[in-house]
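Enquirer: Here's the letter readout for the chains.
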Amino acid sequence: MTRYILKRMLEFIPVLFVIITMTFFLVRLAPGGPFDADKRISIEAQKRIEAHYKLDQPLYKQYIDYLKGAAKGDLGPSFKKSSRSVREWILLRLPVSLELGFYALLIALVLGMGAGVLAALRPNSKLDHGPMALAMVGICVPNFVLGPLLVLIFASWLGWLPVAGWRTPLDKILPSFTLGAVYAAYIARLTRAGMLEILAQDFIRTARAKGLSEVRIVLRHALRGGIQPVVAFLGPAIAGMLTGSFVVETVFQVPGLGREFVESAFNRDYTMVIGTVLVYAVLVMVLNLVADIANAWIDPRIRNQ
Amino acid sequence: MNTGANDIAEKGTSLWRDAWRRLRKNRLSVMGAIILICVIIIAVAGPWFCRYTYDEQDLLLGAAPPSTAHWLGTDPLGRDLLTRLLYGGRVSLLVGICATSVSLLIGVLYGALAGFIGGRLDSFMMRIVDILYALPFTIFVIILMVFFGRNFIFLFLAIGAVEWLTMARIVRGQVMSLREKEFIEAAYVMGLSRTRILLFHLVPNTLGPIIVYATLTIPQVMLLEAFLSFLGLGVQPPMSSWGLLIKEGVETMEEFPWLLIAPSIVLSLTLFSLNFLGDGLRDALDPRVSQD
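Keeping their order, the protein sequence lines are chains A and B.
For what it's worth, the working numbering labels the leading residue of the first sequence as 1, then goes sequentially.
For what it's worth, the working numbering labels the leading residue of the second sequence as 306, then goes sequentially.
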């Protein structure tokens, strides 16, 4: 197992290298620069700024310098928000996004698995059809529709929750739910299908014959096998949440990394874009690895491969 | 599944007729198909019957709630929402179909080639797909759209280039299992060229899964287009698309909620129908794979 993890982590290095290279040249080869829009400054001043950020040097040299810096953890200065370095901005914004993602995942797992298990216990009843229809709605309503609609209903019309922000616990309810809803829906469907398959098997009948309570059968015997598809889904779900965070953080004005990325892309803040992409790539790869390990841990068949 | 004993008695039923029969029994899929056909017809033909154009402004009127003159109301510039919704439908559906075609073309050719040649090239090609899978791809689409202009053609290419990975995997798996079948051996014996065998004998036999997956890719692509337009990176005003209308609706939703609600319902309903149809087609064309 340790060897497997080490092997996977070694694979990170070439992938990260490819990502940095792709992003670097993609943003640099594009027309336009971070200081073009500023018409107030003279051409000489613009030249001086570009020299200050070493933008006047040949591209390959900038690239090598960036790689050298990145290897040491230095992601350069931010071009547009020069009060902090890219590294400091990321350290400031990332925890917010991680917190939001954590709540969203929690909501998705609790709601999704709860609904899935209940539906599987009473298949084809109201308890099954109701939540499953809701899940289908959840899958089809995109988060940039769901978020504003929730704001409209719960903030503007009912006045129960704040419209936007990220300070008090009340602020965090709508963004977390908006981000988690789609995954709650998928997880509910996966849990239901997984549980139905397990509950039909012989060892469950044996457990019933032994006279175990229904609660014990579900929690101790069926759930472990039944949630396998859910665990396998976690990797893609986490990657999807990153994308979702762009929308959710923009809609709810959450000061996280997702909004920072979108803003810096619009501002052509080169170093900020490359830095955030780098962080996202590491995040996706690490979380995918964690999801794979969880998968192997829960399913011995995968472990032996 | 509905495959019972009578299937064995019914000799000579083609795969397609069989699939059609199964699909018709799936009520949700039929409903999805009907809604979808309606949406397509209305979006394609609707603009011809409109009294307004998608960029015709009426600044004196401004944002007005639904009325007999403007069935779905108007936006702050006095543009008729129904008209914009219909034109936006054309754009959104066009993006869905074109970008899916791009991803189909790349994915099928890539996957079929990898599966057909096999060996080291295959494992190399699939390794690339694995690595690309791990990348946060939407980020690259965003970067592409920001830095290289918000061109319409570019939108198709960027989205299509992202969505081909799963298609490549599916087609490769199919081709690998079909490659060993007797009819391919027979084709070799008949002296057909490898290209011919690949394009005319292997690929057509993977059509079932391709159709199913294409149906499921269209909603994903439409979602991505709406997502990009929502961020201001996709279709640009005064043109219209459902994602763009939702973005404009969000900006003024507190004063003029109807501007958000109508496009939201239309987009969600269309995605809903496509997903149901895709699920139904999957069950109909490949009964071995059950749902989920």
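Calculated directly from the structure, the hints in this document are not laboratory data.
Glycine included, every Cβ here is placed at the ideal spot set by N, Cα and C.
Any given hint could turn out to be false.
Said to hold, decoys possible - Among chain B residues calculated to face chain A with C-beta under 8 angstroms, some are: (1) VAL434; (2) ALA531; (3) ILE551; (4) LEU565.
To be verified - Covered stretches of chain A (chain B as the covering partner; in silico rule of three or more C-beta atoms under 8 angstroms from a C-beta of chain B): (5) 124-132; (6) 260-269.
Enquirer: None of the hints should be skipped; say for each whether it holds.
Expert: Results of checking the hints against the structure:
Interface hint status for B:VAL434: violated, as the beta-carbon distance to the closest one in chain A is roughly 13 angstroms, over 8 angstroms. Interface restraint check for B:ALA531: the shortest CB-CB distance to chain A comes to about 6 angstroms, inside 8 angstroms, so the restraint holds. Given the 8 angstroms rule on beta carbons, the hint for B:ILE551 holds: about 6 angstroms separates it from the nearest Cβ of chain A. For B:LEU565, the interface hint holds, since its Cβ comes within 8 angstroms of a Cβ in chain A; the closest pair sits about 6 angstroms apart.
Only residues whose C-beta sits within less than 8 angstroms of a C-beta in chain B count toward coverage, and the region 124-132 of chain A has 0 of them, not enough to reach three; the restraint is violated. Counting residues of the region 260-269 of chain A whose CB lies closer than 8 angstroms to any CB of chain B gives 5, which reaches the minimum of 3, so the coverage claim holds.
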